[in-house]
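K.L.:
Next come the chains, spelled out residue by residue.
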Amino acid sequence: MSIIEVKNLSKRFEFYRKQAGLFGTIKSLFYRKKSYKDAVDNISFKIEEGEIVGFLGPNGAGKTTTLKMLSGILYPSAGQVSVLGYNPQKRQKDFKKKFGIVMGQKDQLARLITPMDNFTLFKAFSEISDDDFRSIIDELTKLLGIEDVLDVQVKKLSLGQRMKCELVASLLHSPKVLFLDEPTIGLDVVAQKNVRDFIKKYNHLKKTTIILTSHYMDDIKELCDRVIIINFGKIIYDGKLAHLISTYATDKIIRITSIEPIRREDLERFGVIEDYQGIRASIRVERESVKRIASEIISSDLMIDDILIDEMPIDDIIRVIFLETNGDSK
Amino acid sequence: MLKHIKQGIVIIKTAWLRNLNYRFTIIMYRVGEITELLVLILMWTAIYSGGAGVIKGFTLNEMVTYVLIGNLCSLAVRNFLPAYVSRDIVEGRLSMFLVRPIPYIKYIFFNELGRSFLATLMSLLTQIIVILFFLDKFVFNGNIVYILLIIAMIFLAFVIELLIGFLIGTIAFWTDETEALQVTIDRIKRFFSGGYFPLSLLPMTLATASIYLPFAYSFYFPAQPYLKKISVHDGLIGLGVQVIWIIILSGILHLVWKKGLKKYEASGS
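So the protein lines, in turn, are chains A and B.
Yeah, the first sequence ends on 330 if you go by the working numbering, and it's all consecutive.
Yeah, the second sequence ends on 269 if you go by the working numbering, and it's all consecutive.
Hints listed in this document are in silico derivations from the structure and should not be mistaken for laboratory results.
Watch out, some of these pointers could steer you wrong.
[Said to hold, decoys possible] Below, simulated PhoX-like cross-link-like pairs (lysine-lysine); rule was C-alpha separation at most 20 Å, straight line:
hint, chain 1, residue 1, chain 2, residue 2
1, A, 142, A, 207
2, A, 142, A, 201
3, B, 106, A, 34
4, A, 93, B, 106
Note that the coordinates shown come from a computational prediction; the quantities given were computed from them, not determined experimentally.
Whenever a hint applies, use it, and build me the whole structure from the sequences.
P.N.:
Right under this line is the structure:
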């Protein structure tokens with residue numbers, strides 16, 4: 001049996017629609033129109049032990065909702081979920097001791113006390129032994145480089161440091177499965193890299209199964225072998241990342257900044273202009289030609305100050321996939 | 001059982017660590033407390049100065065003592081659960097507890113126990129200062145039986161207040177507008193607990209009603225044995241009523257929590 005198995009999973013949210021304006025507000029006191037949204041629509045997948053799988057998709061696609069159903073925070077409207085052989089809906093204590101979750105937008109740490117005080121509290125929650133606790137703290141804090149902030153009030157830590165502490169908190173009980181919801185959101189580039197490196201190393205050491213949601217392509221690229229793309233609650237793609245990139249991310253973006261404004265016409269011969277602002281521009285170019293065109297731009301007589309080769313934004317890639325597959329799952 | 005207590009101790013200690021950060025809050029609460037006590041005492045002094053030596057069985061000294069002891073008792077049993085619980089629900093922080101291997105209720109109870117212990121300790125210091133000022137009016141009761149009865153009453157009242165506070169907090173499962181309801185319930189509680197004046201001053205029907213409600217045991221009832229206005233026998237009956245209320249409220253809470261969680265999961269935070 002796979003570590004995580006999801007079959008025909010759906011989640012429908014009900015909500016009330018209200019007309020805009022004062023009249024609408026008064027009207028809504030007496031009558032409200034019920035609407036529903038299928039946040040997750042009949043998805044199925046299996047994940048094996050030790051995999052790091054990326055859930056990709058734009059905001060509102062259903063990634064976080066799926067994670068919440070995998071962790072038991074939400075109940076499905078239909079379908080089955082099995083994680084480590086448990087039904088998350090039952091919220092059994094043994095199950096909770098075997099998985100960890102970090103939600104980038106929600107913090108678990110109490111702000112007025114130190115990380116160490118927080119860890120001590122979580123240690124009591126999960127009934128971790130003193131010896132295990134000590135060795136895990138040593139190991140994790142060393143890997144993340146936060147040994148010297150353990151006795152500083154959480155509210156005085158930087159966002160990056162706090163995120164690292166949140167990660168430690170979620171791993172204290174050595175979970176077999178880890179759910180990371182937007183773990184690098186709001187972090188600076190250095191912190192993002194640190195967190196990614198840590199996750200990679202941790203997965204390598206402990207063979208923890210990890211599901212990671214993000215709308216940063218870099219997170220996914222660094223960490224995930226396999227990606228599941230979700231949009232409008234449906235799985236659009238489930239497979240190897242390399243295959244995804246070579247098949248669907250056909251283009252790359254060249255971003256240039258110049259000392260003096262360059263004329264738009266001078267750039268048009270290199271590719272499709274996505275964005276133009278005088279001294280800044282983004283040009284979409286086919287993947288195979290990007291190096292050649294980039295060197296053409298640099299060696300041309302245009303006053304280029306800086307040049308950056310970037311991936312197509314994930315939203316665009318998804319749009320491409322969505323159009324290609326016409327909304328069918330997989 | 002031991003495991004639960006060990007867990008509880010860690011939670012209580014953490015609550016102390018957190019609350020000791022609120023230095024300014026602690027001081028301001030003391031200032032407010034002293035002011036309130038002084039106002040009540042001065043009010044009663046004024047009322048009695050009209051010539052009445054005894055009002056409904058209370059002399060001025062007894063009334064002053066009632067205010068002081070009753071206040072200490074009500075502080076010992078007070079909690080802020082309505083605010084904490086409703087905030088956790090409305091802001092979705094409850095989700096983080098749902099994934100932990102410890103029940104939310106257990107955590108909240110122990111956390112509040114820790115905070116309350118600290119707050120009561122602080123209040124005790126303030127009370128002693130005020131008592132020293134009104135030493136001539138204060139009635140002393142060193143009888144150990146009464147003291148034990150009062151302590152038992154206060155402990156049970158603490159549990160009752162926790163359950164009530166939690167229940168009020170769960171309103172947040174069904175509406176965002178929890179504050180108005182909380183304030184109103186607070187006022188009703190204060191009235192029926194004897195916080196404004198001894199319940200024996202109320203008309204018969206209301207006074208009798210208050211005996212059967214759980215609120216009286218947070219203020220009036222502990223203060224009464226102290227003043228020896230209630231026999232030990234009646235005090236024990238009071239304990240019995242408290243236990244019944246604890247059972248009833250626990251049952252209600254269990255049901256409400258289940259229903260509330262279902263609603264919480266439906267909306268997804």
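K.L.:
If a hint holds in the structure, say so; if it doesn't, say that too.
P.N.:
Tested hints:
Of the supplied pair hints, the one linking residue 142 of chain A and residue 207 of chain A holds, its CA atoms being roughly 19 Å apart against a limit of 20 Å. Using a Cα cut-off of 20 Å, the hinted pair residue 142 of chain A and residue 201 of chain A holds, with the two alpha carbons roughly 12 Å apart. Proposed proximity of residue 106 of chain B and residue 34 of chain A is contradicted: the alpha carbons are some 36 Å apart, above 20 Å. Straight-line distance between C-alpha atoms of residue 93 of chain A and residue 106 of chain B comes to about 14 Å, which keeps the hinted pair within the 20 Å bound.
Hint 3 from the list above is the single one not met by this structure.
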